[in-house]
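Starting from the known structure of chain A, fit chain B onto it as the hints suggest.
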Amino acid sequence: DAKTTQPNSMESNEEEPVHLPCNHSTISGTDYIHWYRQLPSQGPEYVIHGLTSNVNNRMASLAIAEDRKSSTLILHRATLRDAAVYYCRSGNNDMRFGAGTRLTVKP
Amino acid sequence: NAGVTQTPKFQVLKTGQSMTLQCAQDMNHEYMSWYRQDPGMGLRLIHYSVGAGITDQGEVPNGYNVSRSTTEDFPLRLLSAAPSQTSVYFCASSYSRVAGEQFFGPGTRLTVL
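For the protein sequence lines, the chains are A and B, in the order given. Each residue of the first sequence is one higher than the one before, counting from -19 in the numbering used here. Each residue of the second sequence is one higher than the one before, counting from 33 in the numbering used here.
Chain A with its partners taken away, still in its complex shape (with noise of 0.2 Å):
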């Protein structure tokens, strides 16, 4: 199963841009790239997913590398309500969650 390398935090300021960034180098050809974010005291939330082309919905967008190696979620316009830990998660066969990031966000 792909494993995914993710920073243990990242701080942003209110309504500038945020990209996080996930390493998944043993992705395979088939394998989807999802991202899932906490916020305080509650249950995961989906965000976004991919496989090979960028995708945007309206929450975030997801930028994939053209080798798929690396992925970055990008929130164009951070708010307080962002802060969160943010998950990032590749493999077909792998519903496990890493560590994720903490995304603090500074008013």
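Calculated directly from the structure, the hints in this document are not laboratory data. No false leads were mixed into what you were given.
Here are the in silico distance ranges between beta carbons for each label pair:
#1 A:Lys86 / B:Gly85: 48 to 58 Å
#2 B:Ser116 / A:Arg57: 40 to 50 Å
#3 B:Ala34 / A:Thr84: 29 to 39 Å
Just so you know, even glycine gets a beta-carbon here, dropped at the ideal spot from N, CA and C.
Here is chain B on its own, set in the frame of chain A:
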């Protein structure tokens, strides 16, 4: 749709007691899973199911049993509670293991004394 529901929301047990955490989903999802999250830690997969009658172990299955008799329900049984099982338990479901979004329940906060 109610989505993924979990009961109870809170539970306190004494060491050695047994109990069942309930999880139900009304989205007709085939895939369901249980995670635990210890304070300040990430999620760890306990057990999962790819359909009615089929279950498998995750990362930390010891001390827990599951069964999947219907598509909707996926209960988690603690056989003999231990303080090390104090945690928040999340149930999740998805329509696809490959590309599908996982939907999570609100969690059950369990304390074992």
